[in-house]
Amino acid sequence: MTGQLQEGIYHAPGVRPDQCFGIMFLRAARGLTAPQIGTAFQTLWAMYQNLKQGQVKDIPGAPVPSGDLTVLVGYGPNVFKLADRGRSLPLDLGAKNQFRSARPTGGGPLLLGSGLSYADDIQFNPATEEIALQFIAKTELAVNRAVVETWKSLQDLTDPETGESPLLITRFYTGFQRNDERSWIDFHDGVSNMKSSERIQAIAIKEDQTSPEDKWTVGGTYLAFLRLPVDLTVWRKLTRQQQEIIVGRDKLSGCPLEMIDKDGNPVVQTGCPFAGTREVTHPENKEYRELPRVPLESPLNASHSHRANQNKAEDVGSRNSLRVFRQGYEFLEAIDSTPGFRAGLNFVSFQDTPERLLRMLTQPTWLGGVNFGGADKAQLPGMERFITVRAGGVFLVPPVVEGEVFPGSTIFGL
Amino acid sequence: MLYDIPGRADSIISSDLLEQWNQTIQNAYDRLGNWKNRFFTLDPSSLKNPVRAPIKWFGDPAEPAFCLDEPTAKQLCDWGVPGRHVLHNEYCEYRVIEKPDTTGKMRPKRVEVTTELREYWTCIAKFDPVAVRAMVENVLGFLPSWEALYGVSNPSLLSPRQREIAFSRLVSGHGNNAELVAAAVPEQPIGALNQDNALFMTHPINGLDDLLYIVMFGAAPYVIRTDTGLKSAVREQIFRQYNVEGLACRHADPAAAMGAQGAAMNGQTVAFDNPLGMYILSFNHPVFRYQDQAVPEEWIRFSRGEKDMYQRLVFGPSDADEAFLDDIVVEVGSDIQPLTGGFQVLQQIEIGPIIVVGEPTPVAADEYVILRTSADPIRCRDAGICDRIYQLKQQYDTAQKIGRVAPRQMGVLS
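Respectively, the protein sequence lines represent chains A and B. Mapping of the first sequence onto the numbering used here: position 84 corresponds to residue 84, and the numbering continues sequentially without gaps. Mapping of the second sequence onto the numbering used here: position 234 corresponds to residue 234, and the numbering continues sequentially without gaps.
Hints are computed from structural coordinates only; laboratory data are not their basis. Every residue, glycine too, gets a C-beta built ideally from N, C-alpha and C. Among the clues, some could well be false.
Here are the simulated lysine-lysine pairs, DSS-like style, with alpha carbons at most 30 Å apart [stated by the list, open to error]:
1) A:LYS312 / B:LYS36
2) B:LYS393 / A:LYS286
3) B:LYS393 / A:LYS206
Cβ-to-Cβ under 8 Å is the rule here; a few derived chain A residues that face chain B [stated by the list, open to error]:
4) SER88
5) LEU91
6) ALA95
7) LYS96
8) PHE99
9) ASP315
10) GLY368
Generate the whole structure from the sequences, applying the supplied hints.
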């Protein structure tokens, strides 16, 4: 039986993700078998199903607002190393589709060929645990409650003799949607994301591209997560023109650029925005959300928008198209050093194989070699470290299959 | 004359030869008469305000990967001449050059990659033996004998037609050219020049006519009729309509065809930019490392074309260098593997023709090509080519067994 995509992937036409996001990583206790870990997770999964109904174990009979919570589970490669597991590591979750580790001394490239590196203070990548859980809800409370209720359940599962829980929360991150459709660098973001009608083609693992051993993954997907702070100090040192040329769009309207004039000034696509409108996000400007073709020799081809959006005419289902469905959430967190906060993006993408994303991040004509945008080996001052990585992982998101106790339960031999 | 020589690689070619090359292109185009319409033109100069439109794909063969799996695809593609002749059909062929190390063991030294069209070389060989001999010397570094090129000591005594047949038999194969097939020219060359080296492409599918075909095939506004009007057809419907579903599973055909279809849907006419050819558009060389460092620049040698139009890459140490190809490691994602052949190199290479499109124009109602085929997924493993690939796998396994030197020695004779 072919399974269905889990909830929490907002690919269908007319469907938008709710405002609040959380992602949490769980580590399996050493020495436990796959069935033992699976049984523990089954308890968590049942708790999440109750949470979605507004039911909290410690306050029975007193329903709480569910916030329309959705819960999605993904599995990292380590889960396939547990003893007595029921499934072997899928080919597409192998090492070639995983991010590199951070250097023990901190920093280091995320991938060879990519311009992204870990932040200098990152010596350990927290997004490499056995289990990842994505929570999306209408309210912060619903997402946060899921994290706390996870901790409570794991406390209840703690072995009184050893004091160890079968699963350990190692890290969680939260984020939020912006209703201005912009990112922290003030530019519009996500306006040229894949059409909703096409998304399922890029997301769902296809039977025909899957080996017989991995058939159980068909109908599922792969989640890639990157916690990406942006260096706003570097960004604000650039002029508006420089920023626009790097992004490939006008800063105020979000309209795509079509050329750079002889004086080096960016020129907005003719006709955009439509008379009486101000921003590309206005429905009247639908046709301007996509980027115009520009001459191959144009420096605009090196902009972030052009580098990330190629082969758009090609069928999105083709692995060669390198299309992924992005479902990112911004974040802002307090830190102890100046300026007292860290702002950035929780990059989340779904794709039928992580190979699409990794190739997009490394191939020179795509995002390879640059941190965000601009010409390779000619990035503006500081821009080679404009985006850093604080965590990154790739997880299998198994399909929902009727009769299974939770998605992917067969991995644990359940 | 419309087109310069591919990549503008040879300065020695006379205007007469250039005319012959253009005639070769024209003949191939004329043979595709069924696919002619206003959405494709052979003359890029006829386009109004042309803009280049990248169409590109990865060079590693897709068919063995979808028929079997990627590890087996690598194994078979790297299997010398048999692998090349059967599998290297994404308009990119390679040959691994082996040399003895200090112990006398044969080891891979470097990979020669070519995207050059066989029709161009055959055209020159047909009309100017001196020129083609100089081209071989320029590429391979030695002056080939006339016998190696034509099987005779004095090709000037042969007619152009006789030279074409002789050269095709020894160096370029028949390329599915009906006249050459009728003249008993084998599919692949039997001479050593283009077997011991990747001089230019010889797989029949990698030909000029197929290149024209895949773009012309796609260059039409293919649509389906829906309750709300006409809607752009998807890859499955287009390839199924013409009973060529198997082509939809490759890298090249869907990329080229769907790129052209996307333009046609906008009413744009597509053409090959001058010069027409197949080019190496990017190479993600940072993933290759030697002794924990970037691979020396002199190990990456592009040639046979101007910048952005290279058609040849020689990757690996020179004979003067002590290192071998398998001293290099490939770091993709978090995976690290020795570089043992050409498949791993092609996975990092993007290739394609350079396409230009004209200004959008209204598409008349009678110009739409209305399809009635299903959008159901195409089962790539059902493609006829898989039977041939399973056979090749059997041949490979048999050859490896034959190569075992003794029951307790598992080494393979090379």
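Each hint, compared with the structure:
For a cut-off of 30 Å, the pair hint linking LYS312 of chain A to LYS36 of chain B stands: about 24 Å separates their Cα positions. Proximity of LYS393 of chain B to LYS286 of chain A is assessed by CA-CA distance (about 50 Å); at most 30 Å being required, the pair is judged violated. With a CA separation close to 24 Å, the supplied pair LYS393 of chain B and LYS206 of chain A stays within the 30 Å bound. Of the supplied interface hints, the one on SER88 of chain A is violated, with its beta-carbon coming no nearer than about 13 Å to a beta-carbon of chain B, more than 8 Å.
Because the closest C-beta pair between LEU91 of chain A and chain B is about 7 Å apart, less than 8 Å, the hint holds. Satisfaction of the interface hint for ALA95 of chain A is found here, the shortest Cβ-Cβ separation to chain B being roughly 4 Å, below the 8 Å cut-off. With 8 Å as the threshold, the beta carbon of LYS96 of chain A comes within range of chain B, its nearest partner Cβ sitting at about 4 Å, so the hint holds. For PHE99 of chain A, the interface hint holds, since its Cβ comes within 8 Å of a Cβ in chain B; the closest pair sits about 6 Å apart.
Below 8 Å, beta-carbon pairs count as interface contacts, and ASP315 of chain A has one with chain B at about 4 Å; its hint therefore holds. With its C-beta approaching chain B no nearer than about 6 Å, GLY368 of chain A sits inside the 8 Å limit, and its interface hint holds.
Hints 2 and 4, counting from the list given before, are not met by this structure.
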